[in-house]
Amino acid sequence: AQSVTQLDSQVPVFEEAPVELRCNYSSSVSVYLFWYVQYPNQGLQLLLKYLSGSTLVKGINGFEAEFNKSQTSFHLRKPSVHISDTAEYFCAVSQNTGNQFYFGTGTSLTVIP
Amino acid sequence: NAGVTQTPKFQVLKTGQSMTLQCAQDMNHEYMSWYRQDPGMGLRLIHYSVGAGITDQGEVPNGYNVSRSTTEDFPLRLLSAAPSQTSVYFCASRQGGGSPYNEQFFGPGTRLTVL
Chain D
265 AQSVTQLDSQ
275 VPVFEEAPVE
285 LRCNYSSSVS
295 VYLFWYVQYP
305 NQGLQLLLKY
315 LSGSTLVKGI
325 NGFEAEFNKS
335 QTSFHLRKPS
345 VHISDTAEYF
355 CAVSQNTGNQ
365 FYFGTGTSLT
375 VIP
Chain E
942 NAGVTQTPKF
952 QVLKTGQSMT
962 LQCAQDMNHE
972 YMSWYRQDPG
982 MGLRLIHYSV
992 GAGITDQGEV
1002 PNGYNVSRST
1012 TEDFPLRLLS
1022 AAPSQTSVYF
1032 CASRQGGGSP
1042 YNEQFFGPGT
1052 RLTVL
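Chain order of the listed sequences is D and E.
Positions 265 to 377 (the working numbering) are the ones given, in order, by the first sequence.
Positions 942 to 1056 (the working numbering) are the ones given, in order, by the second sequence.
Hints in this document: simulated from the structure, not taken from any laboratory.
Ideal placement from N, C-alpha and C gives every residue a C-beta, glycine not left out.
Some clues are possibly wrong.
[As the list claims (entries may be wrong)] The following label-pair restraints were derived from C-beta to C-beta distances:
{"hint": "1", "chain 1": "D", "residue 1": "Arg341", "chain 2": "E", "residue 2": "Arg1018", "range": "17 to 25 Å"}
{"hint": "2", "chain 1": "D", "residue 1": "Glu279", "chain 2": "E", "residue 2": "Phe951", "range": "27 to 35 Å"}
{"hint": "3", "chain 1": "D", "residue 1": "Ala281", "chain 2": "E", "residue 2": "Gln998", "range": "39 to 47 Å"}
{"hint": "4", "chain 1": "E", "residue 1": "Gly1039", "chain 2": "D", "residue 2": "Thr269", "range": "25 to 33 Å"}
{"hint": "5", "chain 1": "E", "residue 1": "Pro1016", "chain 2": "D", "residue 2": "Leu310", "range": "43 to 51 Å"}
{"hint": "6", "chain 1": "E", "residue 1": "Ala1023", "chain 2": "D", "residue 2": "Leu315", "range": "33 to 41 Å"}
{"hint": "7", "chain 1": "D", "residue 1": "Lys322", "chain 2": "E", "residue 2": "Gly1039", "range": "23 to 31 Å"}
{"hint": "8", "chain 1": "E", "residue 1": "Thr1011", "chain 2": "D", "residue 2": "Ser290", "range": "32 to 40 Å"}
{"hint": "9", "chain 1": "D", "residue 1": "Ser294", "chain 2": "E", "residue 2": "Phe951", "range": "37 to 45 Å"}
{"hint": "10", "chain 1": "E", "residue 1": "Gln998", "chain 2": "D", "residue 2": "Asn360", "range": "35 to 43 Å"}
{"hint": "11", "chain 1": "D", "residue 1": "Pro304", "chain 2": "E", "residue 2": "Ser1008", "range": "29 to 37 Å"}
{"hint": "12", "chain 1": "D", "residue 1": "Glu279", "chain 2": "E", "residue 2": "Arg1052", "range": "26 to 34 Å"}
In isolation and in its complexed conformation, chain D is listed as follows (with noise of 0.2 Å):
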């Protein structure tokens, strides 16, 4: 089984200044990356995908990320932040083997004004 891992439980930022969140999966075979973003009360909704080719694969609202396959991270930046990225962001998994997808436990992003 995949473990997904997102050391930042919470990570508080200041509007405009740029944002990492991290994430980390445990299985080296073959896998597609996710991140899904959770605004109050609301389903989950995605981001941005990793599936294959180029590492860095830019997403919705300004979002991009870089797959890293030696460190197995998947890390979520963002250049400058808005009150409106106020949100819990998952990074997901899922492998060729297998039919689930594999959640982090979330990364509360709190935007400070």
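Starting from the structure of chain D, add chain E where the hints point.
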């Protein structure tokens, strides 16, 4: 195109009661799944289905039943509710039963409290 819909949005049960959480999707997705979300634990898979008539257990299946008689619907049944089942439940779907590279689309969730 409504996407993934869930009913009810909120539910309060007493211990021992049973109920069914409804989930429907109108995207003709083969794969559907149920998750529960608890503070500090992320989303944990309860059951999933790769097509009509096919279901399988996820990480935390105990106390829950599912069936998939149509492509559109994937209800989750709580057989005898317990306080430990207090949680937010999300249904999700994706295209392709065996396509782990496709994203999942999530419903808005059902907030369940068991007293």
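Verification of the supplied hints:
1. D:Arg341 <-> E:Arg1018: 17 to 25 Å: The hinted range 17 to 25 Å is violated for Arg341 of chain D and Arg1018 of chain E, with Cβ atoms some 42 Å apart.
2. D:Glu279 <-> E:Phe951: 27 to 35 Å: 33 Å, holds
3. D:Ala281 <-> E:Gln998: 39 to 47 Å: 43 Å, holds
4. E:Gly1039 <-> D:Thr269: 25 to 33 Å: 27 Å, holds
5. E:Pro1016 <-> D:Leu310: 43 to 51 Å: 25 Å, violated
6. E:Ala1023 <-> D:Leu315: 33 to 41 Å: 39 Å, holds
7. D:Lys322 <-> E:Gly1039: 23 to 31 Å: 28 Å, holds
8. E:Thr1011 <-> D:Ser290: 32 to 40 Å: Distance hint for Thr1011 of chain E, Ser290 of chain D holds at roughly 36 Å.
9. D:Ser294 <-> E:Phe951: 37 to 45 Å: 40 Å, holds
10. E:Gln998 <-> D:Asn360: 35 to 43 Å: 20 Å, violated
11. D:Pro304 <-> E:Ser1008: 29 to 37 Å: The hint (29 to 37 Å, Cβ to Cβ) holds, given that Pro304 of chain D and Ser1008 of chain E are roughly 32 Å apart.
12. D:Glu279 <-> E:Arg1052: 26 to 34 Å: At roughly 30 Å between Cβ atoms, Arg1052 of chain E and Glu279 of chain D fall inside 26 to 34 Å, so the hint holds.
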